[in-house]
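**Q** Once you have looked at the hints, place chain W on chain B.
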Amino acid sequence: MSFKTPLKIVMAAALTLGASTAMAFEPSGKVECIAPSDPGGGWDFTCRSIGNVLEDLDLVPSSVQTINMAGAGGGVAYAHTVSKRAGDEQLLVAASTATTTRLAQGQFQGMDADMVNWIGALGADYGVIAVSKDSEYENLNDLMDALKDDPRAVKFAGGSAKGGWDHLKVLIAAKAADVGKLPKIPYLSYNNGGEALTQVVGGHVDAFTGDISEAKGFMESGDLRILAVLSEERLPGEFSDIPTAKEQGIDALGPNWRGFYMPADISDDAREYWIDAMDTVYASDEWKELMKKNGLMPFHKSADEFNAFVKKQIQDIQELSKEIGLSK
Amino acid sequence: METLGYLIDGFSVALAPHNLMFALIGAFLGTLIGALPGLGPANGVAILIPLAFTLGLPPETALIMLTSVYAGAMYGGRISSILLNIPGDEPAMMTCLDGYPMAQKGKAAEALAISAIASFMGSLIATIGLILLAPLLAKFALTFGPAEYFALFVLAFATLGGITGKNPVKTILAAAIGLMIATVGIDNTGTQRYTFGVLELYEGVDFIIAIVGLFAISELLFFIEARAGSGGASVMVNKLKLSWKDIGSIFPTTLRGGVLGFISGVLPGAGASLGSFISYTLEKKVLGKKGDFGEGDPRGVAAPEAGNNGASSGALVPMLTLGVPGSGTTAVLLALLISMNITPGPMMFTQNADIVWGVIAALLVGNFLLLLLNIPLVGMFVKLLSVPPKYLLPIVTMVAFVGIYSISNSAFDLYFMVAFGVAGYILRKLEIPLVPIILGLLLGPEMEKNLGHALTVSNGDWSVLWGSGLSITLWALAIIGLVLPVVVGPVLRRRMRAAQENVG
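Read top to bottom, the protein sequences are chains B and W.
Those letters in the first sequence? Residues 0 to 327, by numbering that gives the first Met the number 0.
Those letters in the second sequence? Residues 0 to 503, by numbering that gives the first Met the number 0.
What the hints contain is simulated information worked out from the structure, not anything from laboratory work.
In this text the structure is predicted, and so the values were computed from the model without any measurement.
One should not assume that every hint holds.
A few chain W residues that face chain B, going by a derived Cβ cut-off under 10 Å, partial list only [claimed, not checked]: (1) Gly4; (2) Glu147; (3) Tyr201; (4) Ile337; (5) Glu445; (6) His452.
The beta-carbon is built from N, C-alpha and C at its ideal position, and this holds for glycine as well.
Chain B with its partners taken away, still in its complex shape (with noise of 0.2 Å):
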């Protein structure tokens, strides 16, 4: 047994004082860790990636494994993790604002958010509104202002689909800025970001909606004007001189986190091992690098605060999809 973090120091230490309690809970053999999609994308990513730095840093006994289980937008990993995997301490699954966003709008059917154990998010693509270089809009008050006389006039495009994340965006930054009839605001859903850049860019459609990494390319091109970040303080480095909505009088917050959940019945030791790992992990310079490689912004919750996080997410999710008409 090695001790070469802090964690297992204390561990080790809590054991060695004779403490009366149960013995701690430490991961054995095979972790696994699903990604509830085809290889190559945002929840693969975190799997991959967590899974890396995990086994850097000896929090697992081996290796950890991940699984590509695509389907539903997450909703077949969610099944299969409520019914079938319910006490299994080993194992994590990916997620992301596009969970909740789907837990909220009930497109999980018959499951919710307290069916599984919520144990951190590590990091976070904060989302923007942009324009190509060639808009009439200036700032965010513009654009909000020209919504306000016709919800028609500006139309986005993003890379989720109708109700998903991206357009909630649009919805979130425009309730903030008391724009009327949200269901009225054109949205065009496209397979990914990219895509939806090169319409606006190409002129064919009005303003992008989207996350800070996506936008990126095209700002550093000079094609793209983005005209709020909707974080709560600016985004450091290159991204310091894009303003955040609430600066500019709009409250509106849009952060894509990235982050685990487990599955239910698990101990309360394995509870606490997970967060606490996710916590060494998210302090470690291994994934710092990694988070500055892949465009990711600092977002950090662990247990009870990403609990209560989540819940209230999902909360506002589901009383801005009611307000468009998406859900019931």
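**A** Leaving out everything else, chain W in the frame of chain B:
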């Protein structure tokens, strides 16, 4: 010059040892598949897709392997044309005309070598064409809005039957089946269609499962039905006697064939069969009485082979730049790309530059590998031609099942694959072509989405669909594509058949 930089980066991907190894495996398997009569390149790639998943290959390696299979199949088609007078695949039909007579004169080795060199030249010319043309087209693609994309997809469907296609009604029927399957799942507006509350159907039908089922599993069923236990007759090949002068004499032929093939590959719906046909006829016209075509003229072997290999690289141009496949095999490759989360089209050249250029570089590398494989090792392929299918069959079955299972670890997918296999078998018995089904499945959702978007942008005004010069051009091409086969098709087909019958 930017292109050159990208290409050099591409070579660094293609020449990485593991990629090189898979390119070699792909080229070898491709040649073998091409050589087996009846197993065309589309089926070959479809059968080998699960292999990529079984091995858990990263996207660029999987694509490099399968483009090598694709190029290899085009090389391999000629082997049985020359030796047995049975084309290994449709585009190799024209190679029978002079290849078989050469073999009968005891010059089988020469015919095989010449055709390998011609294939190499055709591919090389077309790949250079691809390198020059693709980035231009990709830049141009920014001008495609929803209306233009819709018109482009209409064009793809209109030219689907192709000039050499047989029964237009069955083609339309097949495309309609594909479009129907494409509607399953959660649509663009979040509405569920034909999902019956089954979670596995929410994301629609996976193209790869449909393709492997329709092509590979139905192929297995055909094999079983034919009970072809014994394998082909074994053929002996004479010792190769080929001088530089002989190679020099076919050089102009391969240049013409390669260029013509490339052009017919780029044009939607034309494809490799037309490429080889045009190259052969032109060669005959150019040389006239100076050659003895039909009686074993080496140039008659070189022209169609340069043509069909040129066309196979040419067909990659519309697939990579616009996401619209120019042939059945490129449709299968397109499905592979999509299932690996890579969206073909203009963005791919910037977002996935390493993959695109890696694949293009791999085409060049693969081409050299194929030439090396096909000249000294041709004897081995000839021997493999007589391997009884009873050994090949279980391997293919195993690879298909393991591969599909490893995509999403779901037994549901396996049932689906088998169901598609049975459906594919029945459809082939009814002579309903399978490629339009795949195209319908692939392009249907895109077409629907772009129509919806065009109408949203225009606030419901349908005239937006023909509102720009580009879209009008595309509509015009679509109409030509629809009408031309009806007018020219029968004539062309009659000529091809006549040419075929003259020999044999």
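**Q** Measuring from the C-beta of Gly4 of chain W to each C-beta in chain B, is the shortest one below 10 Å?
**A** violated, 17 Å
**Q** Taking the least C-beta to C-beta distance, is His452 of chain W closer than 10 Å to chain B?
**A** Since the shortest Cβ distance to chain B is 5 Å, the answer is holds.
**Q** Does the interface hint hold: is Tyr201 of chain W within less than 10 Å of chain B, judged Cβ to Cβ?
**A** Where the cut-off is 10 Å and the nearest Cβ of chain B is about 3 Å from Tyr201 of chain W, the hint holds.
**Q** Does Ile337 of chain W pass the interface check with chain B, least Cβ-Cβ distance below 10 Å?
**A** holds, 8 Å
**Q** Would the stated hint for Glu147 of chain W survive a check requiring a Cβ distance to chain B of less than 10 Å?
**A** holds, 9 Å
**Q** Does Glu445 of chain W meet its interface restraint, that is, does its C-beta lie within less than 10 Å of any C-beta in chain B?
**A** holds, 8 Å
In the structure shown, a violation is registered for the earlier hint numbered 1 alone.
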